[in-house]
Each structure stands twice: as C-alpha cells, then as structure tokens.
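Start from chain A and add chain B according to the hints.
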Amino acid sequence: MFFKLDSIALLGIDCLKISIEIHISSGLPSFTIVGLPDKAVNESRMRVRAAIINSGFKFPLKRIIINLSPADIKKEGPCYDFPIAFALLAASSQICCGNNELPDKCLFIGELSLDGGLNPVRGIISMVEFASECRKEFFFLPEQNFSQALIANRGTKEDIKIISCSSLKYATGLIASRQILLQKADEDYRVIKIKSTSNASNINACSNYTDFNIIKGQLRAKRALEIAAAGMHNILMVGPPGAGKTLLAQAIISILPELSEDESLEVTKIYSLLKNIKGDVIKTRPFRNPHHTITSAGLSGGGAIPKPGEISLAHRGVLFLDEFSQFPGVLIEDLRQPLENKEIIIVRNNYSYRFPASFMLILATNPCMCGYNGDKKKDCKCSQREVTKYWKKISGPIIDRIDMRINIERLQEKDFRTSNIVSESSSEIKIRVNAAHNIQRERYLNSRGNINYNSEVNAEVVNKWSSGNDGLSGMIPEMVTRFNFSARAIASLIKVARTIADLDGSKDIIPEHFMESLNFRIEFAYE
Amino acid sequence: MNKDCKKILEILVERGISPSDFIKSFRKNNQDLFLAIKSFQDLNTLELYEKYKNNANGRSATLNIENDILQKKYDILNISESEYPDILKEIYFPPPLLFYKGNRSFKTIKTCIGIVGTRKCSVYGRDVASYFARELSMEGITIVSGMAAGIDYFSHKSSLGQKGGTIAVMGCGIDIIYPPENKKLYNEIVENGLVISEFFPGTPPLKSNFPARNRIISGLCKGVIVVEAGNKSGALITAEFALQQNREVFAVPGEIYNTQSRGCHKLIKNGAKLAENIDDIFEEILTLDKDFSYSRQTGNENGCKQDLFLKKENKNTHAELGVSQKNIYNVIGKNPVSLEEIITITGTGLKEALRIIAELIFIGLIEEKNINQYCRL
Chain A
1 MFFKLDSIAL LGIDCLKISI EIHISSGLPS FTIVGLPDKA VNESRMRVRA
51 AIINSGFKFP LKRIIINLSP ADIKKEGPCY DFPIAFALLA ASSQICCGNN
101 ELPDKCLFIG ELSLDGGLNP VRGIISMVEF ASECRKEFFF LPEQNFSQAL
151 IANRGTKEDI KIISCSSLKY ATGLIASRQI LLQKADEDYR VIKIKSTSNA
201 SNINACSNYT DFNIIKGQLR AKRALEIAAA GMHNILMVGP PGAGKTLLAQ
251 AIISILPELS EDESLEVTKI YSLLKNIKGD VIKTRPFRNP HHTITSAGLS
301 GGGAIPKPGE ISLAHRGVLF LDEFSQFPGV LIEDLRQPLE NKEIIIVRNN
351 YSYRFPASFM LILATNPCMC GYNGDKKKDC KCSQREVTKY WKKISGPIID
401 RIDMRINIER LQEKDFRTSN IVSESSSEIK IRVNAAHNIQ RERYLNSRGN
451 INYNSEVNAE VVNKWSSGND GLSGMIPEMV TRFNFSARAI ASLIKVARTI
501 ADLDGSKDII PEHFMESLNF RIEFAYE
Chain B
1001 MNKDCKKILE ILVERGISPS DFIKSFRKNN QDLFLAIKSF QDLNTLELYE
1051 KYKNNANGRS ATLNIENDIL QKKYDILNIS ESEYPDILKE IYFPPPLLFY
1101 KGNRSFKTIK TCIGIVGTRK CSVYGRDVAS YFARELSMEG ITIVSGMAAG
1151 IDYFSHKSSL GQKGGTIAVM GCGIDIIYPP ENKKLYNEIV ENGLVISEFF
1201 PGTPPLKSNF PARNRIISGL CKGVIVVEAG NKSGALITAE FALQQNREVF
1251 AVPGEIYNTQ SRGCHKLIKN GAKLAENIDD IFEEILTLDK DFSYSRQTGN
1301 ENGCKQDLFL KKENKNTHAE LGVSQKNIYN VIGKNPVSLE EIITITGTGL
1351 KEALRIIAEL IFIGLIEEKN INQYCRL
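Sequence order for the protein chains is A and B. If you're matching positions, the first sequence starts at 1 in my numbering and goes up one per residue. If you're matching positions, the second sequence starts at 1001 in my numbering and goes up one per residue.
Since the hints were made in silico from the structure, they are not lab data. Among these hints, one or two may not hold up.
Claimed, not checked - To give an idea of the chain B side of the interface with chain A (calculated C-beta under 7 Å), a few residues:
1) A1149
2) I1177
3) E1181
4) R1355
5) N1372
Cβ coordinates follow ideal geometry from the N, Cα and C atoms, glycine included.
The shape of chain A in the complex, shown without the other chains (with noise of 0.2 Å):
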C-alpha cells in the first residue's frame, strides 16, 4: 500500500514542503524511515506506535517504509510525528480517505504524545503562512499552537482553515467525517477552541524596566536615548566604569514604543522558532544583551542546522553589546553586513536560511583599557599607544555605522545633591518617542526598499532632505570645514536632525534641530 500526504519543514524562517511517503508491504515486520531524518525524527517510530496503540487502533505488523522527501536536506524535529501516524493510518486502511482528494489539500504537523495526544511544535507562524503561499485549505496543528496560528493567518492573504486538533483520534475523525469537514467553515472551529489568548507570556516579560526618572544626571545621555529610540539610531555610548552606561542601556526599553501587529509577528515569528512560545504574540520590544564570550554563531546565527543568533532574536528592538572592546574582532566584523543589509543569510548543504535582522545597535565601552582616560578626577595609567590601539580596535567600519556616539561622565558630587533638575519618567518620554514613531510609519507607508525609520533612509533621502533646506545646505559647508566631518557624519548628522524634527513635531528640518545633533556626535581625540 502507498500513501502520500505534505508536511513542513523549516529553513531559518522559511519553510519548505515535505512529502511523507509511505510503503507498507509484507515481509518481516520492520518500521524504517528514510531521508535524512535526526534523531527526534528517528525516534518518532516509538512515539507513532504507542500512540496509534493508544488511540485504539492497530499498528500495522508488517514492513512500512517512510520517506521524507526531498530526501537530501536534513529534517529535524519531533514535528513529523503526527502526519507520519496518520499516513500510516491510512496506509493500512484504518481511515478512510476516499481516492486521496481530501489528504492533498491538507497539511499536517505535530508531535505525538503517548497516549496519542498531540503536543506543541516550533515555528508555527513561519508555517501557517506558508500553508497559505501553497493553496492548502486546511492545516491540521495542535490545540496549544491553534492561537498563534490564528494571530498568523490574520495577516496572510489567502484564509486557510486552520484545525486545532487535541489528539490523533480526533484528527482522524474529523477527516473520516468528511462531510462536516467540507461544510463548516473553520470559524466554528476557532470558537470552540480558543481558550487560551488572554495574557501573552512574553520572552522578556518583565513590567519593572529600569525607569528613566531613577537615573541621576546623565541629561545629554537621557536625551540622546531618546532621539535614538524615536528614530532607531544605532548609538556608541563612552564613559568610566561606574557612570550608568549599562542602566541608561537597559533604561532604553522602557521608553520604546509597544511592537505593532506585523512586528510582533516578526518577532514572534523568530523566538518561535527556539521554543514554543504558548499564548499570544510577543508584544514588547526584545532587549538582547549577550555576553563578550559568545560565538560568531550564537551572534549572527548558526549550527548545523542553522538557528537564530541573537542579532536576530533583537529583530525590531534593542541589540546591546556592553563592554564592546572587549568583543573579539571577528564577531565586531559579523555585525557589519547585518547592519548594512537588516538580514542574515546562512548556507548549509545548498539551502540557505534567511533570518531578519533589523535590530537597533547599542554599544558601550570605556574610553580606554584602564577606563578613566578623560575622567576629570581620575588620572588615566594608559599610554598614549595603549589608548591609540584600544581605538584600533573599536573604530573603523561599525563605528562607522553609528550615527550617535556620546561620552557619558560619572556622577559629579554635585548630582547627589537634590536639585531643581526634575527628570522625566519614562512614561512621559514614552508619549513623544510614539509620536514620532508614527509620523515616521506615515512617512514611509509607501517608501521602496522596506524604510521604517530616519536612520534606515539612503543618501538619495537624505539629499532630498538637505538640499530641498535652504537653512541646512547653507549651513553643512560650514560645518565641514570648522569640524572635519565626513560625508557620512554629516548624513548621519541629518539622520539624526530628522528624528529631533519628529520628536519636535515639525515638518521640516531647521537649523536648530541640526544644532542639537551637533551635540550627539563627539569626535574622539584618540580615534
């Protein structure tokens, strides 16, 4: 007996069809399965077993053969576990399925439990959507991953049916009943079943964010933070150790806006595909901060089977390298094309897998090895060539890339002292660093190339920008010559004024704001 029916496999965050082919013949009895399967796939064959026993049906004694075809990319997963069992249910004639019409507009996917349950898989958002890319009508999944896919369908273009399945036996009645199947729409499906949408379990799910009003001083620092939330600038922070450069960083995401809809999508999308996320969508911005001993891979994103790195699961938020000096070179040079490209693009065995990688760029670092050069009270005991060659490391194309880089000073006894100085809760910043998000999501609604925000936009922009002011193309020749500044400086400078005009409300750039963008980029004496 043959039987064919298609199930998923993940490529990064891309899917690929599978086609599980069955072969039961007689012989010794045997229960093999072929096409680069690993070792959860292999193990599947005990789990398919007791679960079919379990549901109360037959296993089949006699010599089955499984083929996940195309057999030559490697699959891998507990996910198979549920179209294998019902293929070979209805391999051995145990379901009826007519001349195989109703299996091919189907597509299965979950893992067995033993008593014939049907437990959670990974990366069910990247599935659904592409359930719908390939004309399937319906899609058979788990109860536990049915919200999320319902979340996922909202935003594709061509509805499937998506059926939430608790067991095997329930499954296979569903499709022995035909009849049901092809009347209902799947809306009644979704009423019964959704349960469990009220409070999404978030990855970073923590309300208490460090609060801007709780740091002391540090106004310029506060005040760039939040130009570079507005407009997710990429931003270098430079201080002595103990001025709050790791507070201010993590202060940060307490003033990001909440993700929209097809940005929790993205970001769920992604954690998806490392663990089961149950409930709702990820709603909060990711606030990643790996440690200096990671590796390129669990950086930009790897292994065998290649999965996430953390620039990637910093998609649409906060990627915050802490003591950055002290990342190897090669790990600063991965971040490069990155940044340049908002994507990463790894090649295993002829497939690659693509992972999005839009993530804002945070860094902080001492301005030197023993931390204190340019402290007003503490001498620096770096040489000159120790200090130069600290820079070495640092400067050249990622720093490059940053559009703000600020020094950040520790607290003067002056600051400990109650002043009249009032600082802003997050909340409150909050409000603006919004509104500025919104004007920029107008301003780009219908932009090419996928610009979200001021410091996405290319030099053709940027141009526009400054040549179309006649208040700010007088001025930038000046600047150059009074303080050396690339041409890439004074396009980050613009970048920058544009976010400040944003936050300002205003519709164009004027002098003022390019003014105050000045104060965001310090040149390095020892750069």
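Okay, now just chain B, sitting in the frame of chain A:
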C-alpha cells in the same frame, strides 16, 4: 654626498670608531676635518687594516646609505660644513654626521626653542604646548622637539606651517618612524620642516638613544621650555643638558596635585624661569641673542597683551549673540561648568541648552575640555 661625509662614514661605520673619539680628534686638530680624517687613516696600521678589511657588514651599510642618499631618501651633513648649525658645534659632543630629511635648509633656520614634556599629557599640557609652539613660531622662531607622543606631538603640530616652522629630532634612524602612530606627522614635517637624526639609518629606537637625542634638542636651541614633566621624565634630562650647554631653561607651572607637573616645579625651584606667556621667552632670548628681532618688539610687553585682548574683543563683537545665547555664554567662564550646572543656573530647557552650546562651539566661543566640561576658549 660629498667626499668628506663618505670618509667619515667609512671611519665610523666600517672601522667601528666611536663618534665621540672622532669628535675628540677633530677638536685636537683645531676643527680641521682633513687632519682629523687623516689621523684615523694614519692609525691604519697593517694590523688594524687587516682587522677591518673584511668588514663586509659595515661596507654594505655604507653602500646602502650612499644609495639612499643618491635616491634622495634623506641627506647627510658633516660637522665641518657651513650649513651645520653653529650653535650645535658649541656643545660638548656634537654629532660628526647629521642625517636629515625635509625641504628646508639649515641656513634658513635662525633661532630655535625646544618644547619638551611628557608623553601622557593632560588637556592643560596639550593647550600650553600648542600655545607656546604656535605663538613662538608665528614670531619666526623654530620649534624643536622629539616627535614623541604627547607634548612633543602637539608642539610639532601647532608650529607646522607657521613662519618659524619645526624640527623633529629622532631617537632612531632617520628612515624609521617612531612611534608609528606619528606617521602622518612625520610626513607633514618632512614636507614643511626638518626631521634630523644623528643615528645611522636603520637604527632601531633603543632606550639608550633617547637621552643622546635630547642633547641635540637642547643643543639646537637657545632655550628649552618644559611643559608637564613627571619626576623622572626624559624632559628633565633635556633640561639638564640645556643647563650644561648654557642654554636657558623655562618651565611651565601646573597644578600642585598633578604628578605630571612635579618635574616642572622642581626646575622652577632650582632656578628655571617660569614661563607664563611668550614674553617671558622673548625677554631671555633678546638678552642672549642680539641679532634676534621680533615683529612685536616695538610694542613691548604691554603691546603684546593688548594684541591678545583685541583678538578676544573682536570675536565677541563679530558674533551677534541672541539673548538666550548670551545668558548661557555668561554662565560659562574660564572655569569649566557642566551641562547640568548651566541648566540649573540659567533655567533653560535641556533641548535649548544643548542647541545653544552647539552653536557657541560652532561660533568658536566655547569648547568642551573634558567630558561635559565647557569653558570659554
């Protein structure tokens, strides 16, 4: 390369005679180079000749130097040539050969002042060195320093391209750039000034070379200004040489807490002249050097100060400051203030304060000295 230089090179490189022996003989023979060379050639007994005949290394070294000079990589000067600075001949042990590189002739260089100090200079030291170097070289005085990092670097940098120009004295071979970070500076000096060295090309920057180099710095100059020197700084060695060579020693005072000003203060205690502005330097040079005249001589000390004062006034009148700009400018004094202080005193909003500070920096009225420390220029 003339014949004399070649003969001296042969004696020094191939025969391994030390330069100081050569100078002794040169002095013994009443500064007659021909006799001095001959005295070494007379020494050339059969035994010695055999010993050095096969000194292939030495010979190839001289050949290399000859080649390089032919290719104009650098030039050479011997002690008896008229271009050789007279003032350098006065010192106890002048180098018999000077290698130099640059597009200036020694003849155009008149009065030199050395500026030396620590490599790890503070912002204050940087400003002081730049001030003296710039102002003195604008008056036609050539600034001599050692092309190290720190004070040396800023002295060269500020005097480059001015009327007086600059000379760098190296502690290694003329063809080696040390420290390597100063490559750009080296090239600039070669274009606009002079780089000199007494060491044979290819000599690495050995520790022992630098005190020897210091004697040439002080030897070339009428006086040496020490800007920021620690207790054991090499700049103090230069000052020591300057005293031995009967040169004037100036020292710039610093903060008493700063370890980098200990050396300067020690010099002042021992009788070095305290240098506050360039008039202090001119006073001494005028008594030392009757030929030297400087453009502001007619105006004397007061005139000079007035000049500086006028410059500041001009800056103020040129920039038409707005009310808010003036408010902030008035708060910023010569003593540095921070952004927070500016905001508390003036009551300006953060955004506006940041903007105005940038404007004032742009106009050139204030600058950021250290992190978040603003003061008037």
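Measuring from the C-beta of B:R1355 to each C-beta in chain A, is the shortest one below 7 Å? At 5 Å from the nearest chain A Cβ, B:R1355 passes the 7 Å test, so the hint holds.
Answer holds if the nearest beta-carbon of chain A is closer than 7 Å to that of B:I1177; otherwise answer violated. violated, 14 Å
If you take the shortest Cβ to Cβ gap from B:E1181 to chain A, is it below 7 Å? holds, 5 Å
Hey, does the B:A1149 contact hint survive, CB to chain A under 7 Å? holds, 4 Å
Cut-off 7 Å, beta-carbon criterion: hint that B:N1372 touches chain A: The hint holds - B:N1372 has a Cβ within 7 Å of chain A, the shortest such distance being about 5 Å.
Hint 2 from the earlier list is the only one contradicted by this structure; the remaining hints agree with it.
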